[in-house]
Amino acid sequence: ETGVTQSPTHLIKTRGQQVTLRCSSQSGHNTVSWYQQALGQGPQFIFQYYREEENGRGNFPPRFSGLQFPNYSSELNVNALELDDSALYLCASTPGVGDTEAFFGQGTRLTVV
Amino acid sequence: GQQLNQSPQSMFIQEGEDVSMNCTSSSIFNTWLWYKQDPGEGPVLLIALYKAGELTSNGRLTAQFGITRKDSFLNISASIPSDVGIYFCAGRVGSARQLTFGSGTQLTVLP
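Protein chains in written order, with the working numbering: chain F, 54 to 166; chain C, 54 to 164.
If a hint is listed, it holds; no wrong ones were tucked in.
Calculated cross-link-like contacts (lysine to aspartate or glutamate; reagent style DMTMM-like; alpha-carbon spacing at most 20 Å):
1. F:K66 <-> F:D137
2. F:K66 <-> F:D138
3. C:K123 <-> C:E107
4. C:K104 <-> F:E154
5. F:K66 <-> F:E135
6. C:K104 <-> F:D152
7. F:K66 <-> F:E128
8. C:K123 <-> F:E154
9. C:K104 <-> C:D124
In case anyone wonders, no lab produced these hints; they're calculated from the structure.
Chain C on its own, in the form it takes in the complex (with noise of 0.2 Å):
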């Protein structure tokens, strides 16, 4: 089946650092998402991206669907505490009934 790889698998920032974290894939994607999970939590939907070059931001939160539309990538500007949590991505391939995730990125924020 398709897989994605996410990278960093972790990252320690200083509060106020931008921070960059990206997915590829050998298949060809239709759709990439970016979620968030806090522990004990579900994952939270922060960005959805649908056509290949997009590049769409939420708030401090900017997401790019990569042109080869097997890859993507998400950055955070301006670090803050509240953005501690596990990011993954995730993906769907043409009429697939689930998403595909990635194994995730765990960001820490040093105050």
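Just chain F, with the same shape it has in the complex (with noise of 0.2 Å):
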């Protein structure tokens, strides 16, 4: 287990609803990555979160947005589902900004109907 949590595990939406994921980094860990991976492609980068920052993006529209919190725990918020946002989407913590091993979460997998 790398330590890193995300609930839920598995969630369906609606096209036109908002989604909220949210993901526990390793301890000591202060940086947190967000991952989507469609079905039979790798990950792909949405962005990453720094002292509760955003720290980098991705090619993902506005209407993906994140938070991090004092605890380095971190949210993915997706407004306005399209069917095309159907896929795994995985937090990576890091121990810091620079730092390059990223340890990944078991995922949740949306599904956007």
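Using the hints, put the two standalone chains together into the complex.
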């Protein structure tokens, strides 16, 4: 186990709704990144949070937003859900913003119908 | 953006055989990582490589950071049934925040 926990594990939402996914980083890790993994593909970077601020963003629209809390846990929010948002959402933590070895949680499987 | 070309896309091997997979890129990477992902789980870090030419082992797994810094390979020796899964390469370019992932190699080990 990596010590990174995500909730919920599975979620079904309707197109147009909003969703919040949660992540608790590994103890001592202050940097959290979120990835989207579509079926049959590798994870794609959404954004990273460090010291409660967004610290880098991939090619995702503004309806994907996030938060990081003082205890380093994080949330991913997606508004106006689209069918193509159906994917496994992965949270990864690293000890520090400059560290490379990212440790992933088990992911949240989001299905948009 | 950067892209990683991972091959092969899938492999079917007999238990006990050795396996090799690789990733190439048109960009120079500062770090190469290899992950394994089981169904319904997140990727698990297997090996991390930080210097061109570096060769690192983790049990039956061996990975190398290519000297051009544009490629990496992963070898698995004497495969066993629990090696089944999807293997991903991932790399970091310069000071980029994110990891760029390959498309994965689906490994099936036949008894």
